[in-house]
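Taking our numbering, the leading residue of the sequence shown gets 772, the next gets one more, and so forth.
The reader is advised that the hints may include incorrect statements.
The following label-pair restraints were derived from C-beta to C-beta distances [unchecked claim]:
#1 989 with 813: 39 to 45 Å
#2 840 with 975: 24 to 30 Å
#3 964 with 876: 33 to 39 Å
#4 876 with 841: 31 to 37 Å
If you are wondering where the hints come from, they were derived from the structure by calculation, not from laboratory data.
Because the structure is a prediction, the values reported are computed rather than measured.
Every residue, glycine too, gets a C-beta built ideally from N, C-alpha and C.
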Amino acid sequence: MRRRAARRRLGVSRETCRRPEASFHVKHDPAAPLLDLIAGARRRLVADPAPAALAEHLADARSSLDLLAGETGPLVDVGSGAGFPGIPILLDRPDLTGVLLESRATRCGHLAAAVAACGLADRVTVVNARAEAHAAGDGREAFGIAVARALAPPPVAIELCLPLLRPGGLLVLHAGAVDRAGAEAAAAALGGAVEALRPVAGFERRSHLAVRKTGPTPAGFPRRVGLAAREPIVRGGG
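Just need the whole structure built from these sequences, with the hints factored in.
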């Protein structure tokens, strides 16, 4: 029952979880040290740390790589948590430098260990901060790519992430169901435009939402810490 509930939260099909390559080939993957750290953590970092479930986290993280083809960094993974999707993407894109942005200090310790174990310490930094605070300082319009997975409903995630992007940059959200009209309204308010919305092949109820930064984010965004979630600029949107 717990495994079924975890699949539902992830939006992963039973058939996908049963694929033999999901767990048996992960040990040879560049991201294997990340998965080992998650599996061995004393505090649970994901809902289900079983090998097949971790393989699906890895597959989901990589599912947006085609959207990022040709995009230039630096990359910021907002609310990086256990390290998805940022670490797998950065492993597969050795041309990119990146920041794993995480507000919880305990998660930052895990992320720092994962960065070192995966051999990324020369080009990836862990920053312990809220997105709102980072966008109010050195992180504002400092990145070419922003990614986030299960961060918040799309209008909230757009407000948190888009100020971090320079004009021309791309935000890719790994999300559930998305109301396109709401996402478009939020993007427009923050200086962006929805470029793509698509289902994720092999995953139930999962979507990629790509938002292009078309101009500077208006002054005053993002709003103070917590306000984007409490009072979304657009109701609905996913």
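* Asked: What are the numbers of the hints that this structure violates, sorted from low to high?
  -> none
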